[in-house]
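Engineer: Produce the entire structure from the sequences given, and follow the hints as far as they go.
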Amino acid sequence: MQKTTGARALSVLLAAALAATLCPLPAFATDAAPSGLEPLAANQAAGDASATPAASAASAGGFATAEEAIRAAQSLETDGATTVLVGFDPLFPEDGYTVSISPDAAASSLDGADSPDEPASAYSLGIAAESTTLGALLDAGWESAAPTIDVTSLGTLPATNEQFDALFRSYIDHMLDRPGLFNVRTYLNAALSADRTQIVALLPSYITTDADTLAQMQADFDLNVQRALACVDDSMTDESKVYALHDWLCNHATYNRGAVAPDADPNDPEAEDSDAAKASYPSFTAYGCMVDGLGVCQSYMFALAYLLDQAGVENAPLLVTSENHAWNAVNLDGSWYHVDATWDDNDDSGATGNPDYSYFLKSGTWFASPAAGYHPHSGWTDSATTYGWDSSFTDSNRNLDGYQWKRYAPQGNRLCDFVKSSTAGDLALVVKYDALKAGEDTDFFAQGWGGKGDYLYSFQSPMLTDGLSDYPNLVDPTNATFNNAYTMQDAGSFPFEFTVSGTYRLRITLQDNLYGDRPVKTASSNLVLTLNSAEAPSVANRCAAIAAQCNASLGANATDFDRALWLHDYLIDNAEYDLRFVNAEGVLARGLGNCESYHAAYCNLLKAVGIETGRIASVADNHVWTAVRLDGKWYQVDVTWDDENIKGMPVDLRHIHFGLTDELMALAHPGHTQPVAGYESASLDDNYFIRTGAIDPFADEFEAEINDYLAKGAASFSIEEKIQNHAGWLSAYDGATKSILGNLIAYELGQRSWTATLGGTQKNVALKVTYTNKSNVATGKSGGTFAFTATYADATHTHRWGAWSTTTNATCTAAGQQKRTCSTCGASETRTLAALGHGFGAWVRVKEPTTQAQGQDARTCSRCGAKETRPVAKLPAPTTPAAKPGWSLNSGVWQYRHSDGSLAEGGWERIGGAWYLFDRSGNMLTGWQQVGGTWYYLKASGAMAEGWQQVGGTWYYLKPGSGAMAEGWASAGGAWYYLKPGSGAMAEGWQQVGGAWYYLKAGGAMAEGWASVGGAWYYLRPGSGAMAEGWQQVGGTWYYLRPGSGAMVTGWLNLSGTWYWMDSSGAMATGSRWIDGAWNRFSGSGAWLGA
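Residue numbering for the sequence shown follows the UniProt record's numbering, starting at 1 and increasing by one per position.
Careful: at least some of the hints might be erroneous.
Said to hold, decoys possible - Label pairs and their calculated CB-CB ranges:
1. V931 <-> S392: 47 to 55 Å
2. P650 <-> W801: 35 to 43 Å
3. G912 <-> N890: 16 to 24 Å
It should be emphasised that the hints constitute simulated quantities derived from the structure, not laboratory data. The beta-carbon is built from N, C-alpha and C at its ideal position, and this holds for glycine as well.
Structural biologist: Given below as structure tokens:
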């Protein structure tokens, strides 16, 4: 503990008489005699300067003992208008006792008793004697900031050395029992009776005595206490509560070194009340750390003690005068541990980061004799030099002395496997988490540090980087349910279940200064995590297993239609619609997903059985579904909308969207206004209702009426729909669902063969059928009409076919169709145009193989953009030697043992000429890893990558030798490249760096000299590559590069009223030039002189 100013040496003579009245204590008290009190030097008695010493020599400018101070006080010759005070700060006994006199017009009310047994009367100001306990008197006086507290009700308090010691000790002990009473300071004056034989009143020292000021300070204090206590809750153990409040205090407070050094001559009493001295007083109470964010050890101790009291954790604040220091003891399960928040808060330089935890929850044994490099604490068990310690306190065992507190997460009451810190200016974000496990939540605990301390945390949806879904996010980032639980949270605790093996990227963000002025500050932490567990198969492995189940169930003779339908039904039987999940992982592993998840899952399953797929999206409908190629033709399938659970409907709603044309799917999704190129769907051959015959019962209902009309030779007629007559039909489906059903019925009726006998002659009848839905779901109106047009022809006549016309163009993957019509009977026939086939380019590696999974190559069709993939064989697994040392594969994870059998763990290892990185469990890491704030890329083999590396389609440069990901400018192979700060991704095209523009060619190399970009010429300065602007001389020729854009100018140029001619090469003209049909003259500087 450090003192503010200490008691000052007493160096002035005692005045014989003071005429002024008693002055109230100033707003800010001091460690020495308060203003209005005249100090008496330790080596000077009452009377004139030649008087003999009244006491022996005192220490540090004060009387060494209360006894010496009492003798000096009793030798004073004063009149009846003064009161003698003895002052002392028990925290700084080396400063000694002070003796002062207070001019007091009301001093006569202090009855000078003739004997010690006769108590003096009540003190004239402050709290009157109303209680027989010191504690009650102090509480009443402190609450009202009374300048004096009458203690005569306690009985006779003789002015003796023992009584003073007991009084001052009781005063401090009572302060320690009330650590949140921030307005009271430790310096105390005791007023003596007129005969100097008894203690009759106490004069506390306050930060302020102004009621309005104190009320505002209390409000500010209570607000910050509330904010601090927000970081603990009833789910936490006492250990976690101590940790969280210790961290909050270390984060929000800084050691006030300015309060340590005196700001004036110690012998100058007036300097005690300087503004600088007064400003430092709160740093010695809980107010300093809690509100001002500045305090010495005493303030840290009081603040933590009060917070622990409010959180219900038993603790004891300790003031150890022999150490000039203060800290806290905490009771956990019957054992007492020590916490020194002051020494743990080692960032008073303003840097961000965790506290040190070197002196957090240590045993008494460790505190007294710590490990090498740590400062010992001593003397706290000595009651003579320590306030707050109780001999009944049981010393703790040493089970926490070596605890890894930096990995501790109080929200989870436990240690975590990993800690990652990231900073943004003075703001830091610390994330603690465990290795991913299958079948259970992984907890991510976020802790802010620095800034204003007003934090809210957000956990963004993890991304699965397997490339098997259109959206790598597992959760829709706009979903309200997810955001309500994971966005702008004050607790910083985020449980999330990872259900499939793979590599994930996720981001946790911290927003600060929410209570203050804008702008809000933000810091974020990006994590790359891998789950590799047989209990959580990857999306690819799940698809392979389901595909195998499909093939085994259907047998060798199954068609693509059979497989597509089986997989469609598998999904709607095993998944439910959920707006949160957008990745294939959702439907396949959680059984939950929205349309993106259904579509991604269906696509991957179809690809696993060899069926081509495509994506159909309607922005207007905010929906996506799947194009499926069956028997050479494309069909539309909406698995999401087929996942219905309506019972008792006469129509199979779970297949109403299987195998539709573009036209019919548009009935369900009006925003689908035109086919998607390459996936045009015009056939109903493999529609579920048509191919399986499920439409027949609904079409059969019309046969009798149709035949009646045909028997009459009707050329056109209409029949009302019949679906509403079926038991169980719900009018809620009178919209798009009924429209699709009606059109399928119409299609089926038009495909059937019809005959009629007219005038004794048998006729073949071609029917054209259309359906019109007349229902209005909003009004409850129901109805629909089938319209028929009949064309009759003799059964034996010869068709007169017209020319073939193309109705559907052939694409790369889908056959086209042509049609011709008989001019006699109107019958038509069609023929198929063969699909064009893809025009694929070269194979490109898109996924590197690993020892656990195949890689993948892809190529793209230049005609339609379709992609084709092929697998790349797994990498051979590292050979596991028979002996213990070397590589070994354990539960799917590679580990390495040294020759002595010890496991490589917790850092880098150079093995066989390559660098490898291992986590604390000894598992070899792959992919992106951040170590000490630097990113590295570990290949699938685990070896650290160096040089150029393409990851996920993006190029990165890993510095040769160190492997550190380069950012900013980097030279490689004789060329300069720019790696974007933060991501390290190689830049291409125009890039502005430090106010200058640069052009990075395809491949990333920085351009120098002349470069043509987008039809314009630019000049990039050789050596620097910076884009030139204005006049530029190149090879002895002047050119003008337009300011701002840098584009080279050609033709006439006017600069400040002077004309120049820049020819087609951009070169500035001089001399005579033939321009626009005339000779023009130019000076040597290029200025136009006239024609």
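Engineer: Each hint should be assessed against the structure and marked as holding or not.
Structural biologist: So, going through the hints one by one against the coordinates:
no., hint, in the structure
1, V931 <-> S392: 47 to 55 Å, "49 Å, holds"
2, P650 <-> W801: 35 to 43 Å, "41 Å, holds"
3, G912 <-> N890: 16 to 24 Å, "19 Å, holds"
Violated hints: none; the structure is consistent with every hint.
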